[in-house]
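For the sequence shown, position 188 (counting from the first letter as 1) is numbered 188 according to UniProt numbering, and the numbering increases by one without interruption.
No lab work stands behind these hints: they were computed from the structure. Hints are supplied without guarantee of correctness; some may be wrong.
To be verified - What follows is a set of in silico ranges between Cβ atoms, one per label pair, in the way DEER data are often shown: (1) Val248 / Lys226: 38 to 46 Å; (2) Leu204 / Pro108: 14 to 22 Å; (3) Ala195 / Ala255: 37 to 45 Å; (4) Trp50 / Leu216: 42 to 50 Å; (5) Val225 / Trp111: 24 to 32 Å.
From the three backbone atoms N, C-alpha and C, an ideal C-beta is built for every residue, glycine too.
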Amino acid sequence: MALVGANVAVAKLLAESLPVPMIAGLRCLIACAVLWPLARMIDGPVRLPWDVTKNLFWQALFGTVLYNSALLAGLRLTGALEAGLVLATLPAVIAVGGAIWLRERLPPRQWLAVVLAAGGMGAIALARGGGVEVSLLGDVLVFAGVCGEAVYAVLARRIAGRVPVVTASLWMQGFSVALLAPLCLPVLGEVVVLADPRLAVLLLFHALTASVLCLLLWYAGLKRVKAGLAGIFTAFLPATAAAVALVVLGESGSAAHAAGFALLLGSVVLATWPRRA
């Protein structure tokens, strides 16, 4: 989760120099190159049923293409600090998505988490001033990415346990490359900017951590702790994103940002706290 949060700042730096489809497409391509041998080594040959394959396609569309495209586009218009805070609404949005789509019953504390998340977004709106770095449109785009990731999470529940994690990720990254390829071709010439070693290293870090290492660390952790307890650690996403934005990117925060962070942190903890047996 700390790596995911740090990647918000990395994505902002990349979005300032590369077209959004190029970043997302190359990230998925690099991930495929790494996940292919890992899937063969860890999972072996896996034959996927048609309904699972179709589900993975929709997961790729919403959780990889929409999420990354909206996040990167949003980071062109808003700061990494605000984007990280908006991403903290994810557990609450997933809870609402599960209630609407899967007809899951939400306990009162999860409804409270939704209210706190809305309050945190309101605080961010109060903190917003003029200028490009703190744009309402940027925050809306990042939230659209959150909605895409929430759809991905709800879709993932439908095939939980039916396909190994690494193989599922490989298929999703492969579908993402196919979906992004038509958008990458018109801007293919922009790849020359990767001659800058700094940008090339940032892209490699972004691809290997966000699409490979974070996944392996998360599921390795889930083998050792309960899912509810693991969910609480999603609080590290906005915390790390905020810290990197303030320390590395030199962005400035305000009292309203601090209030928004506190509300969103409370929302994350309430939405993911383990239920009593």
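Hint check for Pro108 and Leu204 - Cβ pair distance inside 14 to 22 Å = violated, 45 Å
Starting from the range 24 to 32 Å, see whether the pair Val225 and Trp111 falls in it by beta-carbon distance.
-> Since the Cβ atoms of Val225 and Trp111 sit about 25 Å apart, the hinted range of 24 to 32 Å holds.
Has the hinted range 42 to 50 Å been met by the Cβ atoms of Trp50 and Leu216?
-> Check failed, 27 Å falls outside 42 to 50 Å.
Determine whether the Cβ-Cβ distance between Ala195 and Ala255 falls within the hinted range of 37 to 45 Å.
-> Check passed, 43 Å falls within 37 to 45 Å.
Indicate whether the distance between the beta carbons of Val248 and Lys226 respects the range 38 to 46 Å.
-> For Val248 and Lys226 the Cβ distance comes to about 33 Å; the hint is violated.
Violated hints, listed in ascending order, are 1, 2 and 4; each of the other numbered hints is respected by the structure.
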